[in-house]
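Undergrad: Here's the letter readout for the chains.
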Amino acid sequence: MDEKKCAGCSSNTTTDPRYQELAQVIEQYRDMEGALIMVLHRAQEIFGYLPEDVQKIVAKELDLPLSEVYGVTTFYSYFSLKPRGKYRIAVCLGTACYVRGAAELVSAIEKELGIKVNDTTEDARFTLEVSRCIGACGLAPVMTINDDVYGRLTPDKIPEILAKYE
Amino acid sequence: MERIKLTIDNKPVEVEAGTTILEAAQKIGVHIPTLCYHPELRLEGACRICVVEVEGLRNLVASCVYPVADNMVVKTNSESVRRARKTVLELLIANHPMDCLVCSRHGECELQDLSRQLGIRQVRFTGGKRDMAVDESSHSIVRDPNKCVLCGRCVRVCAETQAVSAIGVANRGSSSIVTTPFNKGLADGPCVGCGQCINVCPVAALREKDDTERVWGALHDPQAHVVVQVAPAVRAALGEEFGMRPGSLVTGKTVTALRQLGFDQIFDTQFAADLTIIEEGHEFIHRLKNNVNLPLITSCSPGWVGYCERFYPEMLPHVSTCKSPQQMFGVLAKTYYAERANINPANIFSVSVMPCTAKKSEAAREEMQSSGYRDVDAVITTRELASMIREAGIDFANLPDSEFELPMGMSTGAGTIFGVTGGVMEAALRTVAEILDGEELPSLEFQQVRGFAGVREATIRIAGQPVRIAIANGLAHAKRLLDSIKAGEAEYHFIEIMGCPGGCIGGGGQPLSTDPEIRMHRAAALYRQDMLKKVRKSHENPAVKELYRSFLGEPNGEKAHQLLHTHYQARSRY
Amino acid sequence: MGLIRSHVLVCAGTGCVSSGCKMMQEAMQQALERHGLSSEIKVVETGCFGFCKEGPIVMVYPEGTFYCQVKPEDVEELVSEHLLKGRIVERLLYKEPVSERAISLFNDIGFYQKQQRVALRNCGKINPESIEEYIARDGYQALAKAVTQMTPTQVIEMVSESGLRGRGGGGFPAGRKWEFARVAQGDIKYVVCNADEGDPGAFMDRSILEGDPHSVVEAMAIAGYAIGAKQGYVYVRAEYPIAVERLSIAIKQARELGLLGKNIFGSGFDFDLGIRLGAGAFVCGEETALLTSIEGHRGTPRPRPPYPAVKGLWGKPTLINNVETFANIPVIILHGPAKFKSIGTDTSPGTKVFALAGNINNTGLVEVPMGTTLREIVYDIGGGIPGGKAFKACQTGGPSGGCLPAELLDTPVDYDSLTAAGSMMGSGGLIVMDEDNCMVDVARFFLEFTQDESCGKCVPCREGTKRMLEILERITNGEGVAGDIELLEELAEVISRTSLCGLGQTAPNPVLATLKFFRDEYEAHIYEKRCPAGVCQALLSYAIVAEKCKGCGLCKKVCPVDAISGDLRQPHTIDKDKCIKCGACVAKCPFKAISR
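Chains as they are written, first to last, in my numbering: chain Y, 1 to 166; chain U, 1 to 574; chain S, 1 to 596.
Since the hints were made in silico from the structure, they are not lab data.
The structure presented is a predicted model; accordingly, all values stated were derived computationally and were not measured.
Don't take every hint at face value.
Simulated crosslink set (EDC-like; lysine to aspartate or glutamate; CA at most 20 Å straight-line) [what the hints assert, rightly or not]:
| # | chain 1 | residue 1 | chain 2 | residue 2 |
| --- | --- | --- | --- | --- |
| 1 | U | Lys27 | U | Glu517 |
| 2 | S | Lys230 | Y | Glu33 |
| 3 | U | Lys129 | S | Glu76 |
Derived DEER-like restraints, expressed as beta-carbon distance ranges [claimed, not checked]:
| # | chain 1 | residue 1 | chain 2 | residue 2 | range |
| --- | --- | --- | --- | --- | --- |
| 4 | S | Gly315 | U | Asn183 | 30 to 36 Å |
| 5 | Y | Gln24 | U | Leu57 | 47 to 53 Å |
| 6 | U | Cys100 | S | Ala390 | 50 to 56 Å |
| 7 | S | Ala102 | Y | Tyr165 | 35 to 41 Å |
Ideal Cβ placement from N, Cα and C applies to all residues, glycine included.
Please take these sequences and the hints and turn them into a complete structure.
TA: Below, the structure is given as structure tokens:
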């Protein structure tokens with residue numbers, strides 16, 4: 001995917017291939033009962049988050065009130081309404097990670113990147129999130145950066161790990 | 001049906017299986033406090049104010065949703081019920097601004113009532129409260145999320161009764177709010193301004209846009225010539241605001257009160273309703289004869305018109321081009337009346353008193369200035385008029401009666417019944433049938449169109465021809481009707497649609513209540529007044545006849561078209 | 001293909017994937033090729049072995065040698081020594097924490113000795129992406145037996161007879177649930193698998209789906225047959241991508257072999273499965289909320305009754321069980337209830353899988369017979385507390401559960417004993433806390449979780465947990481006042497008795513349980529403005545103990561705000577006004593000379 005282009009400003013629905021993909025996804029799920037959440041998952045995969053116009057398209061095509069779609073996207077923490085960075089850092093705040101010092105990891109990352117939880121760095125490189133237990137408790141404390149998992153972390157390992165992501 | 005025997009507070013009660021504890025308790029006069037419960041809406045069981053103790057269960061149960069069972073022993077006032085109920089209410093109040101003294105719902109607030117009833121004397125929780133912007137984008141409705149108790153009644157009424165879903169619950173947990181998509185203004189979404197949400201809101205989180213200050217301003221302005229029109233449904237409900245029995249007809253007192261408030265001319269929207277029947281009747285006859293754009297659908301209800309524009313734009317050609325009575329009146333006040341009274345229309349301030357919040361938005365529509373001025377300057381609801389009467393210290397219940405001014409205060413029984421579902425249809429049939437049959441109707445009551453069912457249909461024989469008609473009240477019912485037409489399952493010639501349940505008498509600007517029984521009393525009052533009227537057919541209103549003769553010319557003629565007809569546009573609901 | 005002489009099992013569970021097993025496995029393939037062994041030695045990706053702490057894990061069969069923490073650079077030696085020359089690589093074996101004794105055989109390791117694997121029977125033993133391997137271990141035989149030899153009633157009788165109780169937390173007898181769904185009137189019925197494992201610190205369902213997805217597929221088909229459902233759904237967390245993928249593969253494979261679809265085993269029974277993804281809402285683990293979510297809405301619970309068995313998904317009778325419950329079903333059907341009941345206790349037969357985590361040596365997934373004591377789990381299997389620290393509490397039941405203190409370590413783990421002790425079974429998270437964990441802070445942590453995960457529908461949970469959290473935050477911030485404990489207790493009582501669903505009803509448990517066993521810690525925070533465990537920042541006051549300080553200056557260097565001063569080899573001091581209580585100095589001091 002072309003990362004240079006800001007996802008928020010290229011919402012030309014006729015030429016942008018992502019909207020064509022969205023249309024295909026909706027077609028695929030249209031007749032499924034209770035399709036909304038599955039469609040939103042796919043839409044978020046395509047766009048990286050759920051922009052307003054995407055939610056409107058989904059509402060319109062599935063013939064649902066927009067208020068219902070918005071109610072769903074704001075209910076589930078997996079859905080993001082804000083654009084996110086190229087790399088999404090998620091620090092696990094499950095119990096095991098918490099008792100092993102995950103909160104200190106969060107502070108260390110906040111300090112390193114100069115952002116708070118749920119924010120994105122100005123260069124759109126990192127988004128910092130906290131997550132519910134990802135089930136890697138054996139390696140607590142744990143964080144993920146996109147699909148990479150880092151376990152047995154201590155705050156002093158943070159700068160080195162983040163430096164790996166350009 | 002299976003019968004269930006149980007005891008509630010040591011009183012035996014026998015009910016049908018499937019009854020809830022709350023319903024069973026109501027049956028034997030045991031009062032259980034409720035908040036999110038609303039008899040007209042889907043059950044939620046969310047607020048937990050109505051919890052009761054059921055012997056054998058560890059937890060308390062929400063009586064509004066819990067079904068009765070044989071030999072169940074229920075306690076509605078045990079120690080733990082009382083404590084739980086009070087703590088739950090205390091928790092709700094702790095996240096509420098508690099600005100009762102300056103609140104528009106002071107004195108008629110369910111939260112206040114509950115607090116008084118349960119004897120809440122302290123709030124021990126001092127933490128954070130919601131702090132959100134008040135949404136004043138709509139001409140009709142103000143949304144104040146800070147006062148919201150999240151009972152969800154507005155969300156349900158908007159979705160279930162009105163099929164609009166302009167608002168919903170967003171976020172979760174303690175961040176949950178009732179809001180519009182993306183927290184935009186109500187005006188940016190599909191809201192049609194019907195105000196049913198206000199009627200079910202237990203607090204002041206939803207309220208009408210208050211226009212009373214603008215009206216006071218005009219009344220106090222010596223330059224302004226303030227004319228007022230009063231919609232039919234107002235006179236069947238205003239008395240309730242002053243402790244009078246539902247169904248009290250207070251036409252004369254309303255006129256007296258308006259005069260005491262200082263309005264210069266007090267007119268009747270019913271005059272314009274009669275005029276609407278002439279215009280719309282001729283429009284119908286024209287469409288029927290030429291078989292174009294049938295069915296014709298009425299356009300008096302701005303909630304319905306707004307709904308059609310947003311949800312059924314393909315049906316817009318069917319909607320009558322006639323303006324609503326309010327807007328017909330508005331344009332005539334600044335043309336016909338101004339000419340006759342020799343007043344500069346620029347100095348006329350035209351007020352309407354409506355049972356409706358959507359009328360505020362209707363008056364503000366861009367095109368509603370055919371007189372060359374804003375046709376209607378301010379719209380106040382029945383409730384707002386009541387608050388003005390209270391503020392002026394007028395003892396409404398004991399006022400003597402007085403009469404509307406002429407000529408625009410003259411009306412017929414047909415104009416009166418505009419305020420109730422089926423009334424516009426009945427009024428139109430009285431006129432259309434006589435015109436087409438060419439002879440006087442033996443009976444004026446069209447019982448087939450009366451009643452409160454969501455959708456009603458009938459076939460009336462006019463001039464030997466069967467005319468298929470349908471009536472819908474409440475937008476969810478309108479949706480059902482329109483969908484059946486679109487699916488080819490039904491065919492009609494003429495349809496009346498009212499946005500609110502029961503028609504205008506159940507409007508979003510009426511004294512707060514969504515009790516169907518109260519709506520029936522209000523309707524009965526209007527039908528009573530119709531019976532008492534000497535003239536009961538719009539085309540026989542002498543003032544309307546005079547209007548055509550001296551000012552408008554022919555019904556549906558050029559001038560009538562220019563002043564009394566309008567156009568619609570498809571609008572996005574997203 | 002020649003004769004395979006050895007199988008190398010590589011764990012590909014989430015834990016080992018995080019530890020880098022993929023790179024190690026690639027190195028393994030390359031090394032095998034280099035040595036010309038690819039045709040005789042087969043590398044198999046398996047599900048979770050449970051011993052996540054020691055990952056990446058490699059097992060070599062037929063010897064059964066257990067290697068742990070195998071890195072790509074270790075692979076060459078492992079291949080050339082063990083696989084080529086048959087010599088065990090001592091340094092990659094597991095070493096007992098105390099004796100440092102290296103152990104080569106899986107079953108000799110303390111971590112596995114007391115375990116008994118029923119639900120996890122295939123995890124780590126088969127390739128979860130191969131239906132043939134599942135079938136080779138008696139897979140789908142239970143389904144065949146059920147649909148060809150048994151009536152639905154007989155299936156349910158067998159489940160009832162086994163005494164199996166719901167492993168998702170409540171412990172409701174599975175047989176009764178199945179019977180309710182069977183007798184419910186309805187032309188259409190559904191079977192739903194709750195794989196929305198949300199308790200922080202619990203990952204047994206994920207491991208089963210990753211390691212043995214067919215066991216769930218098979219069990220759901222059996223359930224469908226028993227209650228008269230033709231369609232099932234697995235509601236699984238989107239946060240478990242590997243589980244979702246393996247489950248999808250399993251469903252596809254089962255369809256291809258006719259084990260799902262029309263006329264299964266020629267019996268005329270039709271059944272198919274669909275996957276629905278959760279989207280990050282803990283409350284969707286509550287069964288009515290889960291159904292609402294499958295229907296595509298905000299996952300808010302509905303009032304019960306009516307129960308899902310009567311009116312569930314899209315208003316139809318629906319059976320919901322969780323992953324671990326389902327995983328037990330094929331074993332019960334195939335080997336009979338008596339064998340199942342021979343494990344565990346009278347009221348809680350069978351085994352329970354626990355996710356062992358927190359401050360404990362052996363973290364990972366363990367499956368033990370019901371009735372095993374907490375002490376056995378923590379010390380014999382878990383290997384005790386690291387760093388010689390003292391055990392303080394053991395948290396079970398996740399955000400709905402409680403913390404049990406050292407005095408209750410001999411509590412047997414079964415539904416009733418844990419509840420009686422003041423905690424609950426829950427889905428099986430077991431988190432160990434040591435002397436450095438503040439119990440007020442732990443309670444605050446759980447309340448933060450539940451109040452964030454509250455759906456917001458009912459008032460006591462939405463508003464009540466918020467206020468409880470605020471009070472706890474005040475206490476941990478040193479602003480607690482007299483009366484706070486009593487207010488917490490009163491709120492807890494009302495929230496648990498009036499909330500709409502299980503989330504709210506159990507949300508106050510962590511507070512009640514910590515108050516029950518660690519009330520003194522609350523009192524220390526409120527009245528003495530002191531955090532005995534040294535966790536609550538606002539209550540800490542850092543000071544250097546002069547007698548212990550050697551004046552090395554390390555603390556001075558590491559202090560981010562220059563709050564430490566002192567000359568070399570002289571005791572240092574901390575300027576309390578400057579100190580931001582970050583704890584960097586404590587972490588750095590080699591002499592434990594800094595108190596807080």
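Undergrad: A separate judgement is required for each hint: does it hold in the structure or not?
TA: Now for the hints, and whether the structure bears them out:
Between U:Lys27 and U:Glu517 the alpha-carbon distance is near 17 Å, which keeps this suggested pair within the 20 Å criterion. With a C-alpha separation of about 16 Å, the suggested pairing of S:Lys230 with Y:Glu33 holds against the 20 Å cut-off. This hinted pair does not check out: U:Lys129 and S:Glu76 have alpha carbons roughly 63 Å apart, beyond 20 Å. Checking the proposed 30 to 36 Å range against S:Gly315 and U:Asn183 shows it holds: the Cβ atoms sit about 33 Å from each other.
A C-beta distance of roughly 51 Å is found between Y:Gln24 and U:Leu57, which places it inside the suggested range of 47 to 53 Å. Distance hint check: the CB atoms of U:Cys100 and S:Ala390 are about 54 Å apart, consistent with the given range 50 to 56 Å. Take S:Ala102 and Y:Tyr165: their Cβ atoms lie about 38 Å apart, and the range 35 to 41 Å holds.
Comparing the model with each earlier hint shows a violation of hint 3 alone; every other hint is respected.
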